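From just these sequences and the hints, can you work out the full model?
Residues per chain, in single letters:
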Amino acid sequence: MNHRSNYIGYAIARLAQSIVVIALAYTFTFLIINVLPGDPITNMLLDPENGFSPADIEPIIAYYGLDKPVLEQLWIALSRFVVGDLGISLRSNLPVSGLVLSALPSTLVLALSALAVALVVAFLLAFASQNLPPRYGQGLLRLLPAASLSVPAFIIGIFLIQIFAFQFGLFRITSPNSFAATAFAAIALGIPVSAQIAEVLIANLDHEARQEYFSVARSRGLSRFELFAHHQFRPSSLPVVTMIALAIGELLGGSLITESIFGRTGIGSLVQGAVSSQDYPVIQAVVSLAAAVFVIVNLIADLVYPLLDPRLRTRNRGREPLADEPLVDTEAVAK
Amino acid sequence: MNMPYTIDLPDLLHVEGLSVSYGGETVVQNASFALKKGQALALIGESGSGKSTIAKAVLGLLPETARTAGRISFKDRNLLELSDRVFRPLRGRSIGFVPQDPQNALNPVRTIGAHAHESARLLDLSGRTAERTAIFETLELVGLSEPERIYRSYPHELSGGMLQRVLIGLAVLPRPEVIVADEPTSALDVTIQKRILDLLSRLRSSLDLSLLLITHDLALAAERADSVVVLKGGEVQETGPSSRVFLKPSSDYTRKLQNDVPSLNPFRFRTAERRANAGEGTGDPFIRVQSVSRIFDTGDRQVRAVDDVSFSLQSGRTHALVGESGSGKTTLARLLLGLDTPDSGAITVNGQRVHGRSTSALRDLRRDLQLVYQNPFTSLDPTWKVKSIVREPLDRYAIGSRQERDERVHEAISAVGLSEDLLRRRPAALSGGQRQRVAIARALTLRPKMLVLDEPTSALDVTVQAGIVEALFALQERFGLTYLFVSHDLSLVRQVADTVSVLRHGRLIEQGPVDQIFENPAEPYTRLLLESIPAANAAQSAAAQPGYARLSLVKTA
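Sequence order for the protein chains is A and B.
Under the working numbering, think of the first position of the first sequence as 1, with each following residue one higher.
Under the working numbering, think of the first position of the second sequence as 1, with each following residue one higher.
These aren't lab readings, by the way, just hints derived from the structure by calculation.
All values reported here derive from a predicted model rather than from experimental measurement.
Don't take every hint at face value.
[Stated by the list, open to error] Interface residues of chain B toward chain A, partial, derived using beta-carbon atoms under 7 angstroms: (1) Ser83; (2) Arg91; (3) Ser94; (4) Ala105; (5) Leu106; (6) Val109; (7) Leu123; (8) Arg152; (9) Ser186.
[Stated by the list, open to error] Listing some non-contacts, in silico: residues in chain A with all C-beta distances to chain B over 12 angstroms: (10) Ile32; (11) Ile33; (12) Ala55; (13) Leu238; (14) Gln272.
[As the list claims (entries may be wrong)] Pair ranges (Cβ atoms, derived): (15) A/His207 to B/Ala474: 39 to 47 angstroms; (16) A/Phe179 to B/Glu146: 51 to 59 angstroms; (17) B/Glu148 to A/Ala209: 45 to 53 angstroms; (18) B/Glu523 to A/His207: 25 to 33 angstroms; (19) B/Pro382 to A/Thr265: 54 to 62 angstroms; (20) B/Glu523 to A/Gly9: 25 to 33 angstroms; (21) A/Ala146 to B/Gln302: 46 to 54 angstroms.
Glycine included, every Cβ here is placed at the ideal spot set by N, Cα and C.
Shown next as C-alpha cells:
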C-alpha cells in the first residue's frame, strides 16, 4: 500500500535489469566479432598489408590476452569495460574511450536538436489536427505524417542541402558545424521521427475525444481550450514518453547517415573509419555505447511513466478501492 | 418530502417535434414532451430507441454530423439553435449531466479535486479556498464521508458506487435546474443502484432539481419518475404520468415491455407444478459441489474468491448463482467447468470428479458441460460464418462424417429458433439476440447434458432477453438439459431458476428453492438484495392510493 516504497523497489529492479542488459549487449557484440573464423584482431595484425612488425604485435596480443581462450578474453574485456576502459584503437593507437568521447558531443547535439524539432513539429501537427476547422485543410494536414514517414531521412537531407545551401545559400556545407548547417541537419533527421510521434499523438487525441469523460467534461461547460489541454492532450501525451525513448535509438542510428550527408564529424565518421580499417575495439565500443544509450533512455522512460500516470502508481489496480459505504445498510437490516 | 403532483407547475424544458438524423438515418422522429419544474421525467426505451440521442440533444452534445429539426425550449430559448459558444454557459450551470458508466466518466490522469474545481468555478466564488469548501460540502452531501481524501484521489482509486456519487456531486455543485441522468445506475450492483437512486431522489427535493432520467428499466422509471415517455425506434409510443402508463399502458409496445420485464412477471415461464417441486430431487444429483474454496494471492494479501461453498443440482433442473460483483459466482462457474482448480473441496459431475483428471479425461467430461458466455458481441469470432462457428465444437471433437456434422448444425440452429439462411452470415450481420442464440446453438451441437449460462442476457434488451429465456426453457424441456445460471439480476433468476444460491464475498449466504428464498429470505443480505430491486409492486400499490399520482419513493436513511 505504500506507493513510495513500491516505486523505489520498482526503480531498483529496473536499474539492475538495465545493467544486466548492457553487459549482455557487450558480451553479445564481443562474441559475434569472435565467432568469425579466426580471431579478428590477430588476423588483422598478421595481414602484411597493415604493416605491423612482430615487435608491434606482441604487446597488443598480451594486452587483449589473444593467446588465451575466447571466454578468458571476454572476461578481460568485460572487466575493463566495467571500469570504462574500452581498449586501444588498433589504427591510431589511442584509447578508444578518448576517441568516443571526442566524437560524442557533435552527435549528441545533432540527435537532441533533431528530437526538439521532432517534438515541436509533432505537437504543432497534433494541435492543428484537433483545432483547425475542417475547411482550412485539416484533412490534408492529417495526411502529412503518413506522407513524410514514407520519405527516408537522407532524401530529406539531400533536398535541404540542394535548396537551402546551394539555391539560397543559407548555409555552407564546407562549415558543417555552423548553427545553420546543424539546424538543417536536425530538421532532416527530425522530420521522419516527428511524423511517427504525430501519428500516434493524433490517433490518441481522436481516441480521447470519443471517451465518455471527454463529453462529460464538456457537459461541465469547459472551454474548448480547457477541454483540449486537460481532457484530451494530457492523457494522449503519455504514450509519447515511450515514443521518445524509441525515437532516441532511431535518431542515433539516423545521425550516422545524416552526419555523412552533411559532412559532419561525430560517432558516424568514427564508426565508418573503424569499419573500413577493421578497428575492432572501436566497433565494439560504439555498438556497446549505442546499446547502453538505448537501455538508459528506456530506463528513464519507464521510471518517468508512473510519475505521469497515476494508475501505474498503485500496485493493486482496481482490486482494492477505498472502502465503499458498507454494503449492508444497518437500518435496512434492523427493519 | 413528497410533493403532491399538481398540473400547474410550469414547464422547464419543452421538447416539441424533435427529430435527429445522421446522414440519411433518422434516429429520433418527431418526439415531444415536457419536463415540469421540480419533477422527474423518464425516457424509457431499449437500445436504438433514441433515448440517449434525445439526452445528448438536450445537453447540446450531439456530434456535428447530426441534423436536427423541431424545438427544445429552455428559458424561452431554443437549445437546438444555440451555437456552442452560447450554449456553453448553460452547461453545468443550468443543465447538469450524470453519465452511464462512472468508471469511464472521469479523466484517469486527473484527481477528483481537479474535476471538482471545473464544476466549482461555475459558482463564481472568490478563490480556490472558497471553491474547496463548496466541493467538500457537496461531496458530503452526496454521501462521501471523507471529502478530503476523495478530493485527493484519482478515479481508479474509488469504487463504481463512489465514482457515481462523485459524478452526481459534480453535476449538482453548480446548482443547475435540470439534471440529465443517462442510465445512471445500469453499470452498478443492485444494492449500490438503490443507494444512488435514493440519493438522486433526495437531492431532487432538497435542491429543487428537475430530473430527466434515461433508462431501459420500466420498473425503475415507475418507481422514480413522475411521468414517462416510452420510445421505440426513435418514435414516442406513449407519454403520461408514470402510474397511468404503468397500470394502464395504452400502446402495444409498453404492454409488451411490461410483459417482458422479469420483476413484473416472476411466474411467466415456470409452471406451478415445476415451482411446487423446485426443491425436490430424485436419485443422485447431477452436480455436486462440496466445500469448495478458491483463494487468489494478490501479492499483499489473499482473496478468498470462493469460500467453502456447497450445493447440488438434479438433472434437468436449473440452479442459479446470484451475487454482486466480487461475490465469486463466476469463479465458481469456472471451477465447475474445470477451467480452474479449487484449493480445497471437490466437484463431481454425473458422479465423476472434475479435478485431478488427465487433460483428455477432462476434455471428455467437457463434452457434457458447455458454456454460454455473457456477451454475444465478443464471444463470436467476427471473421467466421455462423455455420463454422456452430460446427466448430463438432470439428474439434471429430464427431461423425462431414454430412452428419452439417445435419447437427442445422438441428441446433433450428432448435434455438433461428432460420437456416442465417448460417451463411457473419456475426456482424446479426442482432444481439440472434448472436446469443448462435452462441447457444454452438453449445448445443455436442448434445451436452448441461449448460453453464454466465449472465447470458445481461448485454441484451429486455424484450430480446424474454425471447432468449423462452428458448432456453423450450430447450430444457426438449433435451432434458441441466442449467447452471449465473446472474446478478434477481428478478431474472426468480423467473428462470428452480433453486438458488445467494453469494457474497465468496461465501454462501443462503440457498434453497427460488420461491422460498424470494418470499421468505432468512438472511439480512438476501432481504437487502430483494429490497433493492426497483419496486414495481410497491409502485403499483402506491399509485393506487388516491391523491398521490407521484409514486412513493423508498425512504432513505
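Here is what the structure says about each hint:
Against a cut-off of 7 angstroms between C-beta atoms, the interface hint on serine 83 of chain B is violated, since the closest Cβ of chain A lies about 12 angstroms away. Interface restraint check: arginine 91 of chain B against chain A, minimum CB-CB distance 4 angstroms, threshold 7 angstroms, status holds. For serine 94 of chain B, the shortest C-beta to C-beta distance to chain A is roughly 9 angstroms, which exceeds 7 angstroms, and the interface hint is violated. The interface hint given for alanine 105 of chain B is met, as the beta carbon of that residue sits about 5 angstroms from the closest beta carbon of chain A, less than 7 angstroms.
At its closest, the beta carbon of leucine 106 of chain B sits 5 angstroms from a beta carbon of chain A; the interface hint therefore holds under the 7 angstroms criterion. A least Cβ separation of about 5 angstroms between valine 109 of chain B and chain A falls short of the 7 angstroms threshold, and the interface hint therefore holds. The beta carbon of leucine 123 of chain B is not positioned within 7 angstroms of any beta carbon in chain A (closest approach about 12 angstroms), and the interface hint is therefore violated. With a cut of 7 angstroms, the hint placing arginine 152 of chain B at the interface with chain A is violated, because the nearest CB-to-CB distance is about 11 angstroms.
Evaluation of the serine 186 of chain B hint against chain A yields a violated restraint, the C-beta minimum of about 13 angstroms exceeding 7 angstroms. The beta carbon of isoleucine 32 of chain A sits about 40 angstroms from the closest Cβ of chain B, which is more than 12 angstroms, so the claim that it is off the interface holds. Interface exclusion of isoleucine 33 of chain A from chain B stands, the closest Cβ pair being 43 angstroms apart, more than 12 angstroms. Every beta carbon of chain B lies more than 12 angstroms from that of alanine 55 of chain A, the smallest distance being close to 64 angstroms; the non-interface claim holds.
The Cβ of leucine 238 of chain A does not lie farther than 12 angstroms from every Cβ of chain B; its closest approach is about 7 angstroms, which violates its non-interface assignment. Residue-level check passed: glutamine 272 of chain A sits 45 angstroms from the nearest beta carbon of chain B, beyond 12 angstroms. Roughly 44 angstroms separates the CB atoms of histidine 207 of chain A and alanine 474 of chain B, a value that falls within the hinted 39 to 47 angstroms. The hinted range of 51 to 59 angstroms is satisfied by phenylalanine 179 of chain A and glutamate 146 of chain B, whose Cβ atoms lie roughly 57 angstroms apart.
Separated by about 33 angstroms at the C-beta atoms, glutamate 148 of chain B and alanine 209 of chain A break the suggested range of 45 to 53 angstroms. For glutamate 523 of chain B and histidine 207 of chain A, the hinted distance range of 25 to 33 angstroms is not satisfied, since their beta carbons lie about 45 angstroms from each other. A beta carbon spacing of about 56 angstroms between proline 382 of chain B and threonine 265 of chain A agrees with the range 54 to 62 angstroms that was offered as a hint. For the pair glutamate 523 of chain B and glycine 9 of chain A, the beta carbons lie near 43 angstroms from each other, so the given range of 25 to 33 angstroms is not met.
The hinted window of 46 to 54 angstroms between alanine 146 of chain A and glutamine 302 of chain B holds, with their beta carbons roughly 51 angstroms apart.
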